[in-house]
Amino acid sequence: MAGSELKIGTKVPGSTIIEVVISMIIILVVFSIAMMIYSNVTRSSLSAQKVKASAILREKLNYAEHNATGADETMSVGDFQVEQQIDPYSDTASHLLKVHLTAWDNNHQKVAELQKIIIRP
Amino acid sequence: MIKASALYIVIIIALVIAMLCASLVAVAYYFRAESQQKHRYEQLSDNLSSGINMLLTARDSAFEKEKTFSLFSGGNDSLTLQRAAWGVYDICTVKAFMQKDTLYKSFTIASQIDSSKWATLYVPDQDLPLSVSGKTVITGDAFLPKAGIQQVYIANNAYQGDKRIVTGKKMLSSKKLPPLDTLRLKRLSLYFNIKGDKFPANDSITASFLGLTKIFDFGNQATTVKNESLKGNILLHADTTLVIDSTASLENILIFAPTIVVKSGFKGNCQLFATDSISVGARCQFAYPSALGIIRSSKEKTSFQPKISLDTGSTLAGQIFSYQSAAKGLQPLITIGKADTIRGFIYSQGTLELKEKVVVGGGVMTSRFLYRSSFSLYENYLINVRLDASGLSPYYLTSPITPIASKKKKILQWLEAN
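Line order of the protein sequences matches chains A and B.
According to our numbering, the first sequence is numbered sequentially starting from 219.
According to our numbering, the second sequence is numbered sequentially starting from 18.
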């Protein structure tokens, strides 16, 4: 040991090769399980993309509530394609419109969706 | 000296990693649950707003019975809507539910003012001019009789107001007052025959608008409501005089009785309806949206004049109206006391007496005015009163019962929500 003199005949504590191998196996197993859990957790959590898409749809909905013209349109906002569909809610309620907003990503996967009945501005 | 015990050290490290993993899983679980709940809440909130929009545009008769349906024919968009008359206004209830979560709101709705029918002053053309004297101010549009409006010297008062007399457009009125909504009046008059439970001996009663109306009946015994706090979905009914003491605290409740007496100093928010008379003492304060109404159907046989009277220094924000179905007989009288302030709308099918220094921030429709001096009565005279349309809040909503109501409805007051 550093700073002390090693005398012949004294016992130095140490792990056997079996102990070391078992330890390495345990550490490997534990780490692989931990990585698996970590990747599962990060994959299944709400993505920032979804949050962003929801916020964009909400902003579009607010705009439609005050300026809805009744026309369907598709617009590009950031990384998303936003599809806006405005239809009369029913034949009997002429003052009401049904607004259906959908956000699609670049792979044409649906990211977020919003529906609401609004009063015709 | 460090012991070379590799297995122990590995087990400790494994435990630490396991704890970190467990906490990571727990955090992810709660985060996911919370974000799902937030998403559900946002969806419920959108459905709730959709329901509110449906109620605001629905016909008067729609949703009288509670209706539950799917908003977009999906699985997660159930909605329950109900709309019921509450005095001269309507109360709506919306419930949106998804799995175990429910959002609800109850609120009062009322009509926007129809600008084509609105007037600060409406006096029908009954071949009698309207005379003004003293510091009378009329600001806003006015419908006047063909005989016009004139300045007069009366009771030692010369006219001291604006030379135009009416600061606004002058239009010709028709022979009759624009009518009140008789269908709603008929519905209101049914409450005079309603039966209910005995009034409990509680100090405070609160009833939710999500449940059934609590009806308390005082029967034929003249009663004074005092030291009580009544709030919400409560209707008081009496077959004789009902006295409201200044110590009573009333909020959003309805009262139906032949005669209602409100003691001086009362403060509250309520709708009072009587067949014979409503007498309000001095310095009373009725907060918006309050209403005082005389509803006299042809069934009432008594020969005396139905009357609403407010004593000096009282304020009311809302509506005051009188209605008598029979054209014959003594028409109802509304007397607004000295220095009273009314923010809202007064509709008098009979006579309206405005005492000196009365301020009406809003509009007045009456068949005729009355001015009473110590010695005589003057018909169609306005002396030292202020009728000012600009005194009305731009957010003021009127009852659908009034002729100035437009079809467009808005939310007047939020009552309950979660």
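Do not take every clue at face value.
[To be verified] Which chain B residues face chain A? A few, computed with CB under 8 Å, are given here:
id	residue
1	V27
2	I29
3	T74
4	S78
5	G92
[What the hints assert, rightly or not] These stretches of chain A come out as covered by chain B in the derived footprint (C-beta under 8 Å, 3 or more residues):
id	region
6	248-259
7	291-301
8	323-336
[Claimed, not checked] Label-pair restraints from in silico Cβ distances:
id	chain 1	residue 1	chain 2	residue 2	range
9	B	P196	A	A289	36 to 44 Å
10	B	K55	A	A289	27 to 35 Å
11	A	M293	B	E59	19 to 27 Å
To be clear, the hints were calculated from the coordinates, so they are not data collected in a lab.
Don't be surprised by glycine CBs; every beta carbon is placed ideally from N, CA and C.
Violated hints - listed by number, lowest first: Violated hints: 2, 4, 5, 7; rest satisfied.
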